[in-house]
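As given, the protein sequences belong to chains A and B, one line each in that order. Letter by letter, the first sequence follows residues 1 to 173 of this note's numbering. Letter by letter, the second sequence follows residues 1001 to 1372 of this note's numbering.
Just so you know, the hints here were simulated from the structure itself, not pulled from any lab data. Beta carbons are placed, not taken as given, at the ideal position from N, Cα and C, and that holds for glycine. The reader is advised that the hints may include incorrect statements.
[As the list claims (entries may be wrong)] One side of the interface only, derived from the structure: several residues of chain A facing chain B at Cβ under 7 Å:
#1 T28
#2 N32
#3 E33
#4 S40
#5 Q58
#6 P78
#7 G80
#8 L81
#9 A83
#10 P124
#11 I125
#12 F127
#13 E133
#14 G134
[To be verified] In silico contact screen, one side only, chain B against chain A (beta carbon under 10 Å); selected entries:
#15 I1012
#16 S1019
#17 S1030
#18 Y1068
#19 N1069
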Amino acid sequence: MIERLVLLAEARYTRLILVGLLFLSLQTTIFNEMRPFGVSLQVMLLLAGSCGLAKGSQTGAVAGFIVGLLYDMVLTTPMGLCAAVFAVVGYLAGFVHTFVHESTWWSRMLASLGVSVIGMFMLPIAFTITGAEGVLTTEVFLVAFVVAVFNAALSLPAEWLCNWAIQDEALAR
Amino acid sequence: MAGYSFTRRRAILLLSLTSVLLITLDLRGSSAVNMTRSAFGAIFRPIESATRVVTRPIQNTWNGITNYNDVLAENRRLRDLVAYDEGATVAAIASVREAQELLALNGLPTLAGISSCTAQVVGQSPSNFTQTVELNRGSECGIKVGMPVLNAAGMIGKVTDVYSKRSVVMLITDPGYSLSVKVVNTPPTTTTTTVPGQVAASTTSTTTTTTTTTTIPRTTTTTIKGFTPGGTAAPTTTQPLVPGETTPTGTVGPNQPGKNTNSPITVPAGADLPLRETGALEGRGLTKNPIIRFIENQPRFGSVAVGSPVISSGGATSLAPPDIVIGTVSRVVKRTGTLGPLLEVKLSANFDNLNFVRVLLYQPITERPAAP
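Using the sequences and the hints given, assemble the complete structure.
Below, the structure written as structure tokens:
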């Protein structure tokens, strides 16, 4: 029984959920209060994108879905909406990076910046599709810009964390 | 490669289907989704509280760096405001009490008769696209979905989700918020300055109208700042008897507007009272003031003046009781045709510093469970 629990705890997606909970608590506390230019920074989006950058498109999509689902739990928007958007972000982050021949630190930051912009545009579009009104405004440009710059700046440590969280169980031991 | 692609395609298809399923379930109001959110909240709250404690010094540093000058300026402004409001509050309390007594005498609903639950704001939405806050009280306090939430300044929103020990409030500024409101507009008035003992006369090119005003000398002493004695009294008119009309003797009936009776009470004439017009208030996000639509272009209502108070209109189907302060008209956008003007509203409540709020345990008649 204990062995099973240990195995479960060592599973890579369990580690991702724990890291996701940590990021979610940061999102709802410190990053909710610190709003540069009035914009709430999105560390959950950063986590989803970084998973894609670290482990490729398929793992990125699944990890993004899990991270988005955690975020959906604390939002009032329809459950599964952020999960879908973050899954696309995770997938795109991994997919875009396959085109880079020799990845460098700045190419990773650039990829993180790009997928963050896409994510921040997709979110209000998805909200609008599900019936929300007044979210697709010009303010989205400012939000996307600020969030993307922040995510690009923190993409390297976040990617390192994601590498650790969703590495294979054998390597983790 | 084919197997890899198949696996990836299958994974993406599975994720897409799961998302669509979850969204559909939630939009249809599935109780399973609500229960999952509630259970997650119970698990997540301790983690969030611990993180809040750990990150508080960083937050304080950030606030110190970014808001120091604003806080100083605000502090100075608030000191002046407190000094001014101390006197006005005493007068306002007296006026409110009188108004409530009058409403109660006439069998009309008042806010004083509605139970409430005081709660504290413990968090706000981390999203950039929804304006909600979370309260630390829930269904254990009697809170239900739809109940209005206000703070000391006025209305702040309505309850949208309720759990056992917490609830979520959609703010007035949220684009999804809508509420039936009244705009209290003062009709255009003609001011006549009368020197005691003299008769004021105004002459136009065609007709001559003479207005006689009897001024009762009155000496009033007050030490309350900002309070003008009699300033809150509604204007009254007393019309002379029509020839042939007799003055009732003994017990008189109810006072009629503008009619002279033996009663010392004179009911103000309707034409002099502030006019009210209803409309729908809609939120437009934190950075923009809410607007009011569907204000009709009635000549009697006149043009809406900037600064006119906006209050909730109430009604059998409205989620909020009447006469909750919402704000004042800050801008009037006139539209052509039969469309009424579009009004921008400056909200009374300050949404940057929400702390203690009051949830009115009010349900409209249509929502109340039928008595057995």
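Exercise. Hints broken by the structure, by number, lowest first?
Worked result: 11, 18, 19
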